[in-house]
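S.K.: For reference, the chains in residue letters:
There are 2 protein chains.
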Amino acid sequence: MDERNIYLTTVPVAEAVERVRRALDRDTLLGVETVASHEALGRVTSRPVIARCSSPTFHAAAMDGIAVRAESTFAAREGHPVTLRRGADYVEVNTGHPLPPGMDAVVMIEHVIRADGDAVFLEAPAFPWQHVRRIGEDIVATEMILPQNRTISAYDVGALLSAGIFEVEVRARVRLTFIPTGDEVLDFRSRPTPAPGQVIESNSQVFAALVRSWGAEPVCLPPVPDDRAALKAAVASALEGESQIVCVGAGSSAGSKDFTRAVFEELGQVLVHGVAVMPGKPSLLTVADNGKLLVGVPGYPVSAVVCLEDLLAPLTAWLARSARPARPEITARLARKLPSRPGMEEIVRLAVGRVGDGYVAAPLPRGAGLITSLTKAQGLARIPADSEGLEQDAQVRVELLTPRESLDRVLVHIGSHDNIIDMLGNELMGLPEPVQLVSGHVGSMGGLSALRDGTALFAGSHLFDPETEDFNFPFLARYLAEVEVLVVNLAIRHQGLIVAPGNPKDIRAVSDLARPGVAFINRQKGAGTRILLDHHLKTAGIRPEEVRGYEREEFTHMAVAVNVLTGAADCGLGIYAAAKALGLDFLPLARERYDLVIPRAHAEDPRILALLELVRSERLQAAIQALGGYETTLTGRRMRPGEGLG
Amino acid sequence: MDERNIYLTTVPVAEAVERVRRALDRDTLLGVETVASHEALGRVTSRPVIARCSSPTFHAAAMDGIAVRAESTFAAREGHPVTLRRGADYVEVNTGHPLPPGMDAVVMIEHVIRADGDAVFLEAPAFPWQHVRRIGEDIVATEMILPQNRTISAYDVGALLSAGIFEVEVRARVRLTFIPTGDEVLDFRSRPTPAPGQVIESNSQVFAALVRSWGAEPVCLPPVPDDRAALKAAVASALEGESQIVCVGAGSSAGSKDFTRAVFEELGQVLVHGVAVMPGKPSLLTVADNGKLLVGVPGYPVSAVVCLEDLLAPLTAWLARSARPARPEITARLARKLPSRPGMEEIVRLAVGRVGDGYVAAPLPRGAGLITSLTKAQGLARIPADSEGLEQDAQVRVELLTPRESLDRVLVHIGSHDNIIDMLGNELMGLPEPVQLVSGHVGSMGGLSALRDGTALFAGSHLFDPETEDFNFPFLARYLAEVEVLVVNLAIRHQGLIVAPGNPKDIRAVSDLARPGVAFINRQKGAGTRILLDHHLKTAGIRPEEVRGYEREEFTHMAVAVNVLTGAADCGLGIYAAAKALGLDFLPLARERYDLVIPRAHAEDPRILALLELVRSERLQAAIQALGGYETTLTGRRMRPGEGLG
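Line by line, the protein sequences give chains A and B.
Here the first sequence is numbered in the numbering used here, starting from 1 and rising by one per residue.
Here the second sequence is numbered in the numbering used here, starting from 647 and rising by one per residue.
Be a bit skeptical, because a hint or two may be false.
[Unchecked claim] Some chain B residues well away from chain A (every beta-carbon gap over 12 Å; in silico):
| hint | residue |
| --- | --- |
| 1 | 667 |
| 2 | 724 |
| 3 | 802 |
| 4 | 1185 |
| 5 | 1213 |
| 6 | 1263 |
| 7 | 1288 |
[Said to hold, decoys possible] Partner residues are not named here, just some residues of chain B that face chain A (Cβ under 10 Å, in silico):
| hint | residue |
| --- | --- |
| 8 | 665 |
| 9 | 718 |
| 10 | 721 |
| 11 | 722 |
| 12 | 786 |
| 13 | 799 |
| 14 | 844 |
| 15 | 856 |
| 16 | 865 |
| 17 | 1021 |
| 18 | 1186 |
| 19 | 1235 |
| 20 | 1267 |
| 21 | 1279 |
Read the hints as simulated data drawn from the structure, not as lab findings.
Heads up, the beta-carbon is just placed ideally off N, CA and C, and yes, glycines get one too.
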């Protein structure tokens, strides 16, 4: 099967873009058209624009006041006013009025002293041409207003109209067609519910939104099944349309149904297959026989975005001759080690927020299929091909996907997952000064590590210490002694065994997890819930090896519940709220305290103050109770060591 | 007339915005609506969005290859392959396929060795769940995908569709209406040619373009004349429409026809009249009786833009609950002193480019009426109200209006004006790697100063030294001895007296400038053309005081020609190209060398190399000759002292 590994020789991104630029003739590909100036925002001039009128076309008053002959005022000084008579010596003018013949200065109304009848006094001389907008001061007829290849700004629209230019010749908009492929993809237009093996096609709409944001025009076609002839027909037809670039979604990889390369080879010349970037590697660039660009866009959403943003965005800007909008950049401290395989550039999405005086960037999960790694990221880092990655605390250059200012309103949480955290995230966005909660779910122990490393503003934690029967404080004393913290309770919650509706495997206690035929789904190491499980297994005298599925780890209560819902597991340990959300059965096992651990150094941070105010509000406590499986008797209370469940 | 000075008490920008925020009830003003998810880019969610489907909805192959039971592969190692049989031990899968029942790992196709028939070998074990995308790995049904008040990104569109969310509830778009006013303004829709006293109305279209760029919706009405009843009717009618904000263009100043405040007072409560910012001061903010916002937008284009960008943009973002896009910022060295009147914040537009290792910012002319100061600026600086301005060479914080990267492609010219400079500006934008020429016209002497101060990459100069009959070199030796420069000729050009067609005042020589009844228009001090005039006046034995208009200064040949064209002057000294462009008569006086003076430190700068390659091209020389009044015998040649006109 090795012969299908067709892109062993990958090409760096810049080289891939350059190959396409050399292969396309942009002057032939993209025509020109004439548009009204007031509708030309964002369009690109195809020739210089020459002013038809001057602005102003006359000497104009630049202030409200009176027009005078400057020399008639030269004698004026304080206490020795000059008297001027209406009509003969002065004319009242408003801003923009033409200067009357013979007049060469304007005196502001504030400096005019009204005398009897039509006379006025001046107590200061006017100098020639004061407060006068001279002919052509702004724009001179016949001069160049805009050069060729200028992306027309809002201001340019004003300059064009002021110069009497009512239409402009611009380059046509770049058009890009997207053809999704695959037997398994469902057209979102039919509002489907996917069965196993099916996915809702969404890449075409991310494509469309990105293309619009580049000032270009997307054309999205319905999905084509995995059928070589059908794909060829669709691509050939798209090549005859108006688009300069035709993209095929997925199918450029090495699978047995990946026909994109074969079809492209029949229609043109392959330039690049395989780009030296992760994700995004299976990108395919081909110049079609009619001079257009064919692109195989990888199927995974994050790979597709890299292909679109790193290859197609610069190529579209080059075709359009517009400047490619650049992302703002900052330097941030890396919250966790970031290993990377040498030989490929790697793009890693990051959750970024201000912590103390600097920015902290926490790498998001790197799967190419994780569309939520796109939606949760505030920025991204590029690890060069020759690097093995970055160490924790390294300073990393971050390309921002959000305005820099917004990072000051990002509240970074790292720690245990709870459904109330999501609820807080929503409520914080409803404040008059919204706060964006960015939450990394690495378990309670991971949260304490993050506080020690200074990479989070607070951590959610529910660590139970069987010896003292207290929560969190024994662990804080052991693992976070050097950081002074506040501990504020979020809620008491109910943990238990989550099983399918009706409990078909008849699971009653932790001891049932050792039964043959029961598949368990566990939480990751360091999760408070896993520590709770281990405590209960130990109490029941069961070794981990006896639990089938003990090694299968999920990172959130909801993910555990989904495994049970779909039959991928029979049982998991989690909170009531997760079971209830998915209509599963729940066997209570323990009540526990879920606390917010807040370094005292951040206790007065406006984001933390907003969080605590929210936690202490009656409205939030009512909403927590409505979830079920929570008690709010301690919610918002500052906890002390030894209080247990209060 | 003092009673009309109604905004003596100005309010800082931030305070003005805050007053409006306190006066408006945004929840009532802006409703919600439901839109298709794939059309929701840039819209703002009005409630949290909950996932309907998980993604994936099943355990899915994450690679092309074979699905296996991991435990059946544990014995495999190099040289000791495990044999697997199709169907029983493995199933071929492509990326995205559901994992067959019982299988729990995927082996990449690259690691599968084909044996006889349906058998394959593996030489390495698979670990459980390798290359498998687990159920809900990306999105878990019932979890929150997006919080309220989230501005939907291109990525979010993908997440929504993947989660089976096909429509979302979002806040209505903010709508803003603009009503231009003034008897003197002409509706651009009628494609008018303005007579003296008239201007083409363009602010409404700058407004429309800016409002669109904020993600809001503009409504532009035709101009209303200076008639109080008509204005009131138009505003009242707009208040009944869908817009939350109604703007009136001009008329909020203190002139005798400024009815905006009076009309607003009849329809609501004035919150702010006069903002402590220049330009932009006459802004007027009023809450209407029906809860909407009324805005008096100043009439001058730069003032209007400040009102729109500094007051209306943040208020629109606040209404919409979207993040206001921030401008990138840099620090630049100030090319010239920037005095400012204390008591008012001042916004100054800047030409910005990279020079050497840093950025240099040259203040553009500050008239509130100069729309070209908007189109020519790469950035702006704010001088705080308590400052008297900034010194030359001060480090100044610049808000960029263009991507930071583009500054590396800005070629800063400071010096004498010539029409060929505009032509070069256009041609440089046509290069494969376009260069944006930013040109400050301060005369030849000003250009040499800029080179001494390191604020320009090159200077255009045509300084004639009567003693040696040479050009530029004697001045370079005197004023720029410390900077090593190259001098490259751009063209020999013809200077002469520019007079009205048919030469009605019968001007034949410089001596005629002393005649009574002849109005002259001069160039600014330091301009090579003024030095040439002074030389010819001296030769003719005429003192400057004898020339009427000697003190009236313009900064470009074209501005001089426009004065003659409109009758504002009878004669000026300038180049043939300017006279020809406006159809004026021209009396040749001198041939002179217009050279490009380039510091050797910048001689290898890619922008300078691009410039020189262009100057030396036959195409450009042909274009120069086509202008008339130029000779290209020296064009592109490196000049040496003493060569004169060659």
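S.K.: All hints, please: hold or fail.
M.R.: Now the hints, each set against the structure:
no.: 1; hint: 667; verdict: violated, 9 Å
no.: 2; hint: 724; verdict: holds, 17 Å
no.: 3; hint: 802; verdict: violated, 5 Å
no.: 4; hint: 1185; verdict: holds, 27 Å
no.: 5; hint: 1213; verdict: violated, 9 Å
no.: 6; hint: 1263; verdict: holds, 16 Å
no.: 7; hint: 1288; verdict: holds, 35 Å
no.: 8; hint: 665; verdict: violated, 15 Å
no.: 9; hint: 718; verdict: violated, 16 Å
no.: 10; hint: 721; verdict: violated, 19 Å
no.: 11; hint: 722; verdict: violated, 17 Å
no.: 12; hint: 786; verdict: holds, 4 Å
no.: 13; hint: 799; verdict: holds, 7 Å
no.: 14; hint: 844; verdict: holds, 8 Å
no.: 15; hint: 856; verdict: holds, 5 Å
no.: 16; hint: 865; verdict: violated, 14 Å
no.: 17; hint: 1021; verdict: holds, 5 Å
no.: 18; hint: 1186; verdict: violated, 25 Å
no.: 19; hint: 1235; verdict: violated, 22 Å
no.: 20; hint: 1267; verdict: violated, 18 Å
no.: 21; hint: 1279; verdict: violated, 26 Å
Violated hints for the displayed structure, listed by number in ascending order: 1, 3, 5, 8, 9, 10, 11, 16, 18, 19, 20, 21.
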